Every structure is written in structure tokens, then in C-alpha cells.
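Engineer: These protein sequences, in sequence, are chains A and B. No gaps in the numbering here: position 366 of the first sequence is 365 in numbering that gives the first Met the number 0, and each next residue is one more. No gaps in the numbering here: position 300 of the second sequence is 299 in numbering that gives the first Met the number 0, and each next residue is one more.
Be aware that a few hints might be false.
Taking lysine-lysine and the DSSO-like style, the derived pairs with C-alpha atoms no more than 27 Å apart in a straight line are [claimed, not checked]:
hint	chain 1	residue 1	chain 2	residue 2
1	A	LYS181	A	LYS206
2	B	LYS367	A	LYS57
3	B	LYS375	B	LYS386
4	B	LYS181	A	LYS181
5	A	LYS181	B	LYS206
6	B	LYS126	B	LYS386
7	B	LYS57	A	LYS123
8	B	LYS57	A	LYS367
9	B	LYS57	A	LYS10
10	B	LYS10	A	LYS10
11	B	LYS181	A	LYS206
Note that these hints are calculated values from the structure, not bench results. Just so it is clear, the structure is predicted and the values come from calculations on it, not from any experiment.
Number of protein chains: 2
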Amino acid sequence: MDAAEFRRRGKEMVDLIADYLENIEQRPVYPDVEPGYLRSLIPEEAPEEPDTYEDVVKDIERVIMPGVTHWHSPYFYAYFPTANSFPAMLADMLSGAIGCIGFSWAASPACTELETVMMDWLGKMLKLPEDFIAGTHGQGGGVIQGTASEATLVALLAARSRAVRMILASDPQRPETGITSKLVAYSSDQAHCSVERAGMIAGVRMKKIPTEQSDKYAVQGETLRRMIQEDKAAGLIPFYFCATLGTTPSCAFDHITELGPICNAEKIWMHIDAAYAGSSFICPEFRPLLNGIEFADSFNFNPHKWLLVNFDCSTMWVRKRSDLIGAFKMDPLYLKHDHQESGRYFYTDNSLFRSLKMWFVFRMYGLKGLQDYIRKGSNEVNETLLKRINNGRKIHLVPCQLSGQFVLRFAVCARTTESRHIREAWRLITQLAEEVMQELPH
Amino acid sequence: MDAAEFRRRGKEMVDLIADYLENIEQRPVYPDVEPGYLRSLIPEEAPEEPDTYEDVVKDIERVIMPGVTHWHSPYFYAYFPTANSFPAMLADMLSGAIGCIGFSWAASPACTELETVMMDWLGKMLKLPEDFIAGTHGQGGGVIQGTASEATLVALLAARSRAVRMILASDPQRPETGITSKLVAYSSDQAHCSVERAGMIAGVRMKKIPTEQSDKYAVQGETLRRMIQEDKAAGLIPFYFCATLGTTPSCAFDHITELGPICNAEKIWMHIDAAYAGSSFICPEFRPLLNGIEFADSFNFNPHKWLLVNFDCSTMWVRKRSDLIGAFKMDPLYLKHDHQESGRYFYTDNSLFRSLKMWFVFRMYGLKGLQDYIRKGSNEVNETLLKRINNGRKIHLVPCQLSGQFVLRFAVCARTTESRHIREAWRLITQLAEEVMQELPH
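Same shape as in the complex, but just chain A:
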């Protein structure tokens, strides 16, 4: 296939993609196939001579689609959302064509630099402390990882390396394996399984902190403090705590304003995993959920979940870039270049031009557009709903304004109101809300 044919086939593929996404609602969201279904549909070996492109395209519907779980169907409510937007897809096309491997600044300066600046843009949207923004006097900055699991592991390894260095500084004779075998990391018993796996990979003890339904499954400061004291008394070395903002099973938020100071006092690395919920912090009304970030050593969330940037794009910030560099430094001659020591460019594994997707999405939506997407509804929609409710004259309520949001304010006022009245009111509000939503432009 030469460039001329690619012009034709590429445009056909654009239409195929648009058709797929416009009509995705008609497809069954979960495939009706048994394990092994695909093998019998295609040959056992690659063809000797090329197939025609027409045959390949025909096989998308014959072979692939019957086995696809359609994550972008509006009927998909499993696992978690994965982002998918047209601007991000356009950026991905460009990124594939440039196809540079950005493992150092010199390997493609634009790749490293756009990533640094996009991480600053996003950090500012989240109102992260200045320490985490590369373009300041702070020592931190952001880097894109593939997944939150990777970020958890990278933070754990950096923490392990920092802990070993600190102990060796005061006790240079102590054998390193003797230190590692005493290290202990913590996370909630509600944390994602990848946190436990990170401990397995790094070969360190990982303890689960028990949580209670009565605390909404959040880790409490008192529980962590007690475990640290017991472990220290037993000769162990606490060095890492992975807090979760929005756990996988129930979207629990650990109390990081309580937990952060404990970690800081004990020189324990606090990593915050907000993989799914993190995107919402760009809205001022949700930003308080991130309070306590000022105590963290590292923080991560996934724009590829809920911020319209296609997979993969997991954004991670560290308070001190040198903690990451120190943990993974390798200096083979074939990776050296003239600007090696330029402190701001510390990325070692930005293998793809993933920042292009962020740039396209942030610019094509604007901060307001992204906030609207998180809110999935604007002040105007709420106003319309209220008007509809009050025009119906069955129930009556008034609005209020909270942090710039138009809020429907429901007060139980009459002496004669019973549960059944409230249930009926709720049914009516829900029904009208559905009508309003269906009238919205797609």
C-alpha cells in the first residue's frame, strides 16, 4: 500500500469509524460467543501472498465485531468508562504517523516538551500545589504512564529506593537485602488489585488496612497510625502508603487530610491513586475531594477514563523529580546526548506521543467543555428542568446557587407531608429530567 492508496483507504476507514460510533447503540453490547470462537473463522497461518484490502475490511464485521464488547455503547455499564473522543482519535492518527519513540529529549524534543507542558496545563486545571508543576521553581512535575497500575508501581519503586538510600545514609554497613526484607507498604483493603501486585513485583511486604462500612470504606488516620506503630515495634520499616480517592468497588475516599500528616511525620511516601474519580477534580465543586494533596509525594489519575483522552493516558505527578530519576537511572552511551543534564527533562519512558491527544482534547473542548462533560449537564439544563417542574404545578420548588452551580433545592415544608408525597415528587422529577435530557442535542 503506497501513500496514494492510503489516502483512499484512510478516508474509507474514517467513514467506517464514524458509522460504527453513530450506530453503536444498535449492536448488542456484550458478545454472544464462546471461548475459541475466532480461531475457526480465520486461517491457521498467515497468507504467503498478500490478501486484498477489501477482504480484510469485510472480515472486520465477519470476524472481529461478533466478539467485541462495545465499551462505547450507551448500554455499557461494566468496569469503568474508557475515554473516546474525536479530537483524541485525530491526534492518535497523527501520533502514529510521526511514530517517534521518545525515550529521551533528543529522541524527539517535541514529544518530551509537549508532555511536560500538557502535564502542567492539566495540573493547573486540578489546582495542584506549585510543587507538582514543572514550569515553576518547584522540583516536581508530571509524566504520562500507561495505566494507574504502572503509576502505583513506579511510585512504590521510587519510594523503596528512597527508603533504602535514607537508611544507608545513617547506617552505610547495613546490607541492602536486609533492608528490603524489613520494608512494609500499606494500602486500603478496598484498593485495586494492582496495588497488591505492585508489592509482589517489588518484592516487599504489602499490608491491607481494614476499613468499615460505617466509615464508608475509607481508611482512617487512627488505623494507619496504629499499624505503623505495631510494625515499627516489630522491627519493620514502614515506607509507602497508597491512598485511594474513589475505590473500585464503592468509590470510597480515604481521609488524606488525616493520613497525609501521619505519612509526612513518619517519612512514608504517600501516593494518591485517583484513577477514575480524579477527572472530576477539574470542577471547583469536586476539587475539595482532593484536599490533602499537599501532603502527597505522588498523585495519579486517568484522563483515559473520564476526561475524553483515548487510552492510554494515565497522568502522574511527583513532588520531587529526582526521586524518580534516582530510582531508575541508567546511562548507556547509546542514550547520551548534549542536553543530558537539562534538569527539567527527566522522562525516560514517554514512548509515545501521548501528549498530542491531551493537547487536541484540551483545546477542542476548553476547560469549560471538559467541566460540562464531567457534570454531564449544564446550569441551563437544570434551569430548564426547574421551569418544567414548576410549570406542571404538581410540585413546587426553588433553586439556589452553590459554587457557581444552579442547584434544585428540595425542602420538606408542609406539616402534612408524608413519605408517599416525597416518593411521588421524586418520580415526577425523575420523569421530567429524563424528558429534558432526551431533548438535548446529542
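Assemble chain B onto chain A, guided by the hints.
Structural biologist: This is chain B only, laid out in the frame that chain A set:
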């Protein structure tokens, strides 16, 4: 941007990509910028309101291109090749639109299944032993990783887990940290820096095996055997050897036919890293370089380097799937599904639909097309060259046939031939070869 606008913008992007790749030769291959060049070219924060798409596209030339190292320029000779083909780009567009996260069979059966079968197709192209092919009675199979560095690490972790299990089986009371601290892994002193980094991540000793220029920098069986014996005598536990076929500095090939039996006898996991050179093994004349694979526990190479499948696509095979599953098994309820125990589907992290790229590329080139790409020249080209040489009547030679290849056979025959004659002949052959190559269709 809605689907209708995407149809228009997507087609424009296809043309932009085709223009970029058709004219890439005119761009300077290495950018003339200083660190920090990009930050001053764009705003310090994301826009509140959306930018226009026209502005975003204009900024590709203004902001991005001046800082791009053009990996696909024909003048790019740094690092290593990274694959880029039109069929792979088309597949990537489709993969981005489907946008499924294939972390289990149920998360998108087609994703898991196509990967299994494509790994079998590629394994058969390489004539891997049946043990490594999933669709046989063997216990092995292939899985796509992001990079060879990841594959090295995954193999090391699986080996560590297997070693600990074997030792605990004979000595159940031994503490696990006591075992890990005695483990020792090996690789060539020529191996890529990611091998050393894998040891750091896993927290195990990694020893470099010295190589000699006189051995063409290949690891010798005798050297490995001696190191193992010394380490065992010192109470250490050898458990992992990473062999390299085609090292980064000089493309050295470790002697795996010698090294493999030593590893097997000592129950040491042998991983073979053929990141760059591996693609060539699809040609029968290069396949002997892979002899010894029958002793390996795992094997990896990068189709995203030299087999026309765009980054990322690093293919890894294991002899026993259960070694990988055992090392990383996690069973949270939210990942359980009805077909959990279906033995053939063991992939836990195939996050992207990367097998689509393999499928498109294998079908659009066919095995022969891929072999031609590796050879970068066909028997016909060699025949044309020979004809041209002999027609010139200045020098004369005859061909021979070696493993299906048309080979130009140069024998020094006359009593009166001196060095200067041979140099002159070589100059003529080179000149004619260049002419022939330039006449080829692009």
C-alpha cells in the same frame, strides 16, 4: 466535534499524514531547538473556551514539527528502526475507535482471541517449537507486551516466582525473603540497560557475564558455567539468564545452543531477547540464528522495530503459560466472568487491540512481502545486478544458489590479480548496485 465533523477532519488528517510521509525527506532529520523551546510557543494554561480546529492544525507546523526527530526520514540512522506502515496505521485507527480495554477475555473476547491467534501465526512464521504455540497440545503461547524491556521484566518476575516455589516445595519452612536475597540472575555485559533495570525493579542480584572482542562479544557457555559454579559454591541460587540475539552495541549473538542446555540442567530460566534482530528469523536463511530456542523458557522480539507493525507491539512467547499466570494471579470479584477457567485465555494485560495491527500487516504484505522487506531486495534484483555487471564486460562473475537465495559469487582466479584490481572491481559493483536500487519502484 460530532461524527459529521469527524468525517471531514479525519479525511483532512489522512491527507496531512500522507503529505507528511511523502515529503519527509525534505525536512531536517534532527531538530534545531534548545531544551524549553516549546513552552514559550503555547499558552501557559489550557483555554477556558474551545479553540478552533483550524488553529490546532496550524500549530502542528508551528509548534510540533520544529521539535520532531523524524524517525521515518530515510536519513535517520540513530538508535534503531521503528516500524511504520500504512496497513498498521489503518488498524490503529480502527483500534482507537473500538477502544476496548482487553484485560480479560470477557472485557472483549475478540481482543484476547485475535491476539492468541496472531501470536500463533507469527510463531509459525518463525518456526518456533510447538511448545510455544497456543493452538497445539503444548502448554505455551504468546502475548503482546509494550516493549522488550517489559518482556525481560515479566520473564524475570515469572522466573523469580518459579524459583521461590521450587525451593519452598523442598524446604517449606524457609522464609521467602531469605530466598530472594540469595537469588542471582545473569546477562551479557553487552545486554541492553533494561535488563539491569529489570533486576533493580525485582530486587534481585543481576550479574554481567564478561564477553570478549575475539568471541564477537557473544556469551560463551564455559563462562556461564564457571560463574554458576562459583555462585552456587558461595551459597547463591542462580535462577535466570537473559540471552541476547543481536545486542544493542554490536548485534552480537549469544551462543544459545551451548547456553541453553546449561540453563536447563541447572533449572535456570532462559529468556531470549531478540528485540531488533528477531524479525529477520522469518527468512529461512536467517532462521539458523534462532537455533537453541528449544531450550528457552521465554522468547521475545519487536515487530514494532523491523516487521512493519507500528509501535507498540513486542511479541513474547512462553513455554508454559502457567508460569506467567502463577506469578501474577489476582482474582478480584470485579474481574471474574463465566469463562474464567478456560485454560487457553491467560492474558491479563492486553490493554489495547494491538493484534489488529498484526492482522492487517500480515495479510496486506503476506509472508513473502514481509520476507522481501527484511531482505530489502529480491532474487530478481540480484539477477539484474549480475546481468549489468557482466554486460559491462569490465569484470566477470557467476552466481550460485544458497538456501533459496540468488548469490553473486566472487572468486579471485587469475595469477596476476592484485589488491588494486579487487578494489576497482568492488567500486564497479557498488556503483552498479546503486544504479539498480535507484531504478526500483519505491
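Engineer: So, for every hint listed, does it hold in this structure?
Structural biologist: For each hint, the structure was consulted:
1. A:LYS181 - A:LYS206: 13 Å, holds
2. B:LYS367 - A:LYS57: 23 Å, holds
3. B:LYS375 - B:LYS386: Given that 27 Å is the threshold and the Cα spacing comes to 19 Å, the pair holds.
4. B:LYS181 - A:LYS181: Distance of about 16 Å is within 27 Å: holds.
5. A:LYS181 - B:LYS206: Since the Cα atoms of LYS181 of chain A and LYS206 of chain B sit roughly 24 Å apart, the hinted pair holds (cutoff 27 Å).
6. B:LYS126 - B:LYS386: 35 Å, violated
7. B:LYS57 - A:LYS123: Between LYS57 of chain B and LYS123 of chain A the Cα gap is close to 25 Å, so the pair holds against 27 Å.
8. B:LYS57 - A:LYS367: At roughly 23 Å apart (the allowed maximum being 27 Å), LYS367 of chain A and LYS57 of chain B satisfy the hint.
9. B:LYS57 - A:LYS10: Given that 27 Å is the threshold and the Cα spacing comes to 21 Å, the pair holds.
10. B:LYS10 - A:LYS10: 5 Å, holds
11. B:LYS181 - A:LYS206: Distance of about 24 Å is within 27 Å: holds.
Checked against the numbered hints above, the structure violates only hint 6.
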